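Participant: Chain residues, written in single-letter form:
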Amino acid sequence: MKINGTSVLVTGCNGVFGTEISRRLKSSGLNVVGLSRNRQCSNEFVDQYIQISNWDRDSEILEVSEQLKKFGKFDNVVFCHGAGENISFRFADFTQINETASVHFLGVAKLTARLLRNRLVRSPGRFVAIGSISAHMGSVAAPIYGASKAALESLFRSLAREYLKKQITFNTIAAGPVKTKLWEGAGESALKVFDSRTNQLGPGSPEDIANTVEFVLDEESRFMTGTTLIVDGGSYYMV
Amino acid sequence: MCEDKSIPQQVVILGGSGQVATALKERMKLKGIKESLLGTSSENDFFCDLRDAASIKRASESVDQFDGLVLNAKKDIVKPIQYRDYSEINECLQVGISGPLYFIGQSIKEKKLMNGASIVSIGSQSQLSGLKYSVDYCAVKSALHGMNKSLIKEFARKKIRSNTVIFDWIDDGDLPRDSERLGANDVSGFANPYEASFPIEFLLSSKSRWISGQSLLFDGGRFLSRL
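Taken in sequence, the protein lines are chains A and B. Quick note on numbering that gives the first Met the number 0: the first sequence kicks off at 0 and runs consecutively. Quick note on numbering that gives the first Met the number 0: the second sequence kicks off at 0 and runs consecutively.
If you are wondering where the hints come from, they were derived from the structure by calculation, not from laboratory data. Careful, some of the hints might be misleading.
[Claimed, not checked] DMTMM-like mimics (lysine to aspartate or glutamate), calculated; alpha carbons at most 25 Å apart, straight line: (1) LYS158/B x GLU206/A; (2) LYS206/B x GLU213/A; (3) LYS24/B x GLU219/A; (4) LYS24/B x ASP217/A.
Keep in mind the model is a prediction, meaning the values are calculated, not measured.
Please construct the entire structure, taking both the sequences and the accompanying hints into account.
Facilitator: Below is the structure:
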């Protein structure tokens with residue numbers, strides 16, 4: 000396997016997915032620029048770091064996109080940030096709805112637009128976003144989250160069409176329930192998703208998602224664009 | 000025996016002739032994976048006529064145990080539906096879906112298909128968008144997706160995965176001259192057989208161990224940009 004290019008921007012680099020993805024890409028010799036909400040970078044595989052404290056503040060996204068100019072052009076961009084808060088739809092206030100939509104969709108759309116406008120992504124380039132199985136199956140616990148991930152997939156399909164000639168690919172990896180601390184804290188009923196009756200291959204791990212990111216970023220995956228790859232241990236069809 | 004645990008140890012390719020199978024064989028050779036080619040032409044390791052149940056049974060008994068299976072066999076007769084014989088339609092279905100399904104069943108029965116194995120079938124963009132004069136071929140390719148979904152339920156305990164890679168035309172030196180059949184948009188060009196074998200290799204390997212029941216579109220964006 001040979002990863003495309005020499006540089007990558009990883010959002011949510013302090014998270015479980017971000018750490019594993021950065022580790023893989025760093026070991027493949029890429030320069031990793033990390034983006035996360037924390038003041039300090041806790042990921043040892045990140046070469047340069049920028050903080051973004053609020054995905055729902057336009058001024059901050061503009062500022063971040065300006066700061067990114069100093070790193071030159073990126074070959075790959077991986078969106079794997081997230082914020083975990085389950086909101087009951089009926090009781091969610093507008094602020095919570097806005098925040099969730101901003102983190103998972105609007106922020107990604109705005110930063111992608113700026114990266115493309117400022118010509119910060121080289122051709123051939125790769126954009127990969129970690130989506131969610133909830134975009135396909137719906138989610139009672141997190142309806143806005145699922146809707147935002149579905150919107151993200153749709154955006155990437157449109158951009159895949161627009162950037163065919165420039166050889167910049169846009170793909171989404173719809174992750175199934177990966178056993179992280181977030182899930183462990185979600186209670187017994189939530190953990191049913193890892194049951195063998197609903198999941199053919201057992202619980203997934205961040206490594207499974209990182210393996211797929213590596214595959215999409217590979218030089219030989221240039222023919223894959225506008226695709227959503229569901230990585231869920233077969234749970235989508237086992238239900 | 001291959002030392003790398005992330006890759007399969009023994010792969011069976013149903014429909015061993017053709018450039019994608021040759022490219023895949025080349026990739027596997029580089030990684031030290033053993034492969035068995037099954038088909039009707041002389042370049043295959045085992046004779047297997049997917050139109051004949053007895054031949055399929057014999058082939059499933061002959062092969063060694065395997066943990067990777069590629070369904071690459073196809074029969075595409077380009078002809079308007081009203082001019083097709085019943086035997087032609089049958090042949091297309093037998094080679095594309097009935098034969099491979101019987102082979103999978105027999106391989107399970109003979110304990111040749113190992114637990115944790117990965118089945119990869121070769122799909123076609125025509126299963127999504129349709130293709131004039133290839134009605135039965137498109138129907139067969141759509142059926143493969145239904146097969147994946149059912150197989151993973153049936154083989155849940157055995158942890159056998161089943162996925163499809165959906166390609167557009169592959170540039171094997173024999174692209175159709177008919178631009179309507181080829182598709183008007185040529186922005187992204189066509190994958191060559193070696194490029195096409197890359198996602199197959201990925202889905203066979205344990206790097207994709209958490210991907211099951213899926214159809215992976217690997218068509219250079221041609222399906223999306225056809226409008």
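Participant: Taking the hints in turn, state whether each one holds.
Facilitator: We went through each hint and held it up to the structure:
At most 25 Å may separate the alpha-carbon atoms for a hinted pair to count; LYS158/B and GLU206/A meet this at roughly 18 Å. The straight-line distance between the Cα atoms of LYS206/B and GLU213/A is roughly 10 Å, inside the 25 Å bound, and the hint therefore holds. Simply put, LYS24/B and GLU219/A have alpha-carbon atoms about 17 Å apart, close enough for the 25 Å limit, and the pair holds. Annotation: proposed proximity of LYS24/B to ASP217/A holds, straight-line Cα distance about 20 Å (limit 25 Å).
Taken one by one, the earlier hints all hold for this structure without exception.
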